[in-house]
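K.L.:
For the record, the sequence lines run as chains A and B. The numbering of the first sequence is the numbering used here, which starts it at 1 and goes up by one. The numbering of the second sequence is the numbering used here, which starts it at 1 and goes up by one.
Derived by calculation from the structure, the hints in this document are not laboratory data. Treat the numbers as computed from the prediction; the structure is a model and nothing was measured. The C-beta atom is built at its ideal place from N, Cα and C for all residues, glycine as well. Mixed in with the good hints there might be a few duds.
Unchecked claim - A few chain A residues facing chain B, derived, Cβ under 8 Å:
(1) A29
(2) A36
(3) G136
(4) L277
(5) P331
(6) V332
(7) L334
(8) G335
(9) V338
Stated by the list, open to error - Rough simulated footprint, nothing fancy, chain A against chain B, three-plus residues with beta-carbon under 8 Å:
(10) 362-373
(11) 391-402
(12) 409-422
In case you want the letters, here they are:
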Amino acid sequence: MGPVPFRPNMTDAPEQVEAPSPAPAVAVAPAPHLAAPVATRGMMIDVIIALAPVMLAAVLVFGWYAPMQVGICVGTCVVVELALTACRGRRVTVTDGSAVVTGCILAFSLPPTGTWYVGVIGSAVAIAIGKWVFGGLGQNLFNPAMVGRAFVMLAFAAAVGAGGYVARPEAAWVQVVTQATPMAAAKAGQAVTPLWKLLLGNTNGSLGETSAVACLLGGAWLLLRRTISWHVPAGVLGTAAAIAALMQALGRPALGVPRQLCGGALLFGALFIATDLVTSPLTAKGKLIFGVCVGALVMLIRTMSNYPEGVMFAVLVMNAFVPLINRWTIPVPLGGAVKKK
Amino acid sequence: MTAAATLARRASFPHGVHPPEGKHFAADKPIEPLPPPAEVVIPFAQHLGAPARPVVKPRQEVKCGDLLGEPAGFISAAVHCSINGKTQAFCAVTLPNARHVPAVPVKADGEQLSGQALWDDVYGGDWPSNVGGVEPRAVADAAAAAGLVGMGGAAFPTHVKLVHNDNKPIDTILINGCECEPFLTSDYRLMLQAPRAIVTGALLAARAQHAGRIVAVIEDNKPRAVEAMRDAAAGTGIEVAVARTKYPQGGERQAILAVTGRRVPTAGLPLDVGVVVVNVGTAAALARAVLRGKPLTHRVVCVTGGGVAEPKNVLAPIGTSYQALIDFCGGLTADAARVISGGPMMGFAVGDLATPVTKGTSGLTVLTARDVRAAEETHCIRCGRCVDVCPAALVPTKIAAAAKAGDWELARRYYITACIECGCCGYICPARIPLVQLIRMGKSLLPRD
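Here chain A stands alone, though its shape is the one from the complex:
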């Protein structure tokens, strides 16, 4: 190819290039001029891919309740996100995929047979109060899905509280929902759920939490893609396991380490909820501190409170500490700290 006149590319406004100009106009921009292939949307798509095994397990265990609940939550999240960006005159942000992720996480943390308006209200609160009140994606202090869930749990205690998981009569065709959830059963001193059921997931519980294997598969994908770092899950699970082992050693009535880890929302929470990028600390050290505290709080709530499960409250409480943790864990630069004047 022979020499061509210098005709720069203006990515934002291609028409302007054609304008006659005596000197060549050149598109300049600050370095670096290359970018890693993964953008924000790619990271959100990774989360959605990671949720696929969880979705599959939910469909196998809960039948059409699973797609219905996910559809209600994701649909509401997307609509509310669109409405709020329109209200505030912002660029459409729904394409970044974060509203879809929030909807999925919320749906997976709700009881499968929950009434439809619980999902709708929870999703609306998640996006509006959990995210947009703070200024949209990246600005929120609390995990939006957990804000939505906390709201419906307090507002509709019967539908989302421990009792909400035992099915209304019309849902009795899905066998598992006639039983108490494993964590509630343990709390009430009833029969201990066999471990294989906790692993595979054919037991009652929130939509996404029942199958430990599905959660681990999804988590492995996120770790492999480096969408999340290992620090948060390791902190949560390590601490929970240590406390469970300690309680067992002290002879306190306890489920034992494997059941504490695989039962309830601990795995789902450690891999998908506590690892939310926006609402967890920035540095590796901070992430570890955050994870350890979430794990400790979960075990505290499970053993000392009236709730059978505590992932949601643990995450929300620790979210509030994230700015402080970020401040505590400012890393020392490679060449050492600069002397304070």
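Given chain A, put chain B in place with the hints provided.
P.N.:
Leaving out everything else, chain B in the frame of chain A:
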């Protein structure tokens, strides 16, 4: 020790990124001397520090190598003419880093050195590996007289680094052949084609500083350069270290950490840890300056990228316009989107192809629309990837936000001054936030107290 054993223990530094290497465009293109240009424009400030003071008048006959400007202080550098010709009326040029500096155009006139003769004059011929006869003090003086500056990009006056100071003893000379910037291959070609000149320059630098150890550090994506340098260095005591291919391996602080395990203090310089870092191009120019008395008049410029018709490594006179280089390389392709002075990670996009090559111009990278970083910026999602890759162990997103808000206290608390502006954070950011630009802006606005 076998080469394989050294490769197994490749030196490196924490964090960093792996951008596309892009070296294939020009890696196999031997250095070609540029046919003499009709005109060069020679800026009086091509280096860090005070601009040189002009010592010529307009319309004066000058020869290649004549002094055009003398250093205006210790941290300054002399400027020389790079062709035979006649000076024109002084002008001002805007360098890629946006500095407006005075310059003198020189119109070619009469016989010019070119082709093989030019190559022989600059890098050819014999380079001795015994420099015992050279007075140590004379090395820094020759570097100053030759107007030598760091040719890796930063253009810090070289003689400043070579003046021996008993209070800051130097035990290691690091010859930097990492060339970690993607696309650029000028240092690589020089290591293949003139390794003896580099070795001689390294020995001279060590002699100037009474340094006992000389290490040449090269990334492991350049095995042929490692081999060429090992051959050239045989029997001289120079070690050739192989470092992992990771950006910014060639950053001064990263290279020093990888090779010596020493950390340059945040507010300090390499000489604070007993090391002087010399780029391979600078080492070769030092050998030429000391042993042949020739000033810095030419340099290798890598013209590369998908936006250039025929990427090449060019030996060009200082002051050649970017346009002349690009024309020599077949011109731009139809999809050329950005012309960068330097490499794509730290280089400056240029808006005017009349810009002249300076002593620090290691290459011209022309990217296509496909390569160029998308401009659309979204909110920070606090994913912490910038923290994970920052080779200075900083929290770039917080510094950038503090700089944007003008919160200097917060910017300092996050050590804004420790940023080396390597661009890893901006490269990795999924929200495409111009982190480096914001941090640079913050640094320049930071109140001095």
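K.L.:
Confirm or reject each hint.
P.N.:
How the hints compare with the structure:
1. Annotation: A29 (chain A) was flagged as interfacial toward chain B, and the flag holds, the nearest CB pair being 6 Å apart, inside 8 Å.
2. With its C-beta approaching chain B no nearer than about 5 Å, A36 (chain A) sits inside the 8 Å limit, and its interface hint holds.
3. Interface restraint check for G136 (chain A): the shortest CB-CB distance to chain B comes to about 6 Å, inside 8 Å, so the restraint holds.
4. Annotation: interface hint on L277 (chain A) holds; nearest CB of chain B at approximately 4 Å, less than 8 Å.
5. Taking 8 Å as the C-beta contact cut-off toward chain B, the hint placing P331 (chain A) at the interface holds, the least distance being around 5 Å.
6. A cut of 8 Å between beta carbons decides the hint on V332 (chain A): the least distance to chain B is about 7 Å, and the hint holds.
7. For L334 (chain A), the interface hint holds, the least distance from its beta-carbon to any beta-carbon of chain B being 5 Å, beneath 8 Å.
8. Against a cut-off of 8 Å between C-beta atoms, the interface hint on G335 (chain A) holds, since the closest Cβ of chain B lies about 4 Å away.
9. The closest approach between the C-beta of V338 (chain A) and any C-beta of chain B is roughly 5 Å, which is under the 8 Å cut-off, so the hint is satisfied.
10. Only residues whose C-beta sits within less than 8 Å of a C-beta in chain A count toward coverage, and the stretch 362-373 of chain B has 6 of them, enough to reach three; the restraint holds.
11. Counting residues of the stretch 391-402 of chain B whose beta-carbon sits less than 8 Å from any beta-carbon of chain A gives 7, enough to reach three: the coverage restraint holds.
12. Under a criterion of three residues with beta carbons nearer than 8 Å to beta carbons of chain A, the stated coverage of the stretch 409-422 of chain B is upheld, 6 such residues being counted.
Violated hints for the displayed structure: none, as all numbered hints are satisfied.
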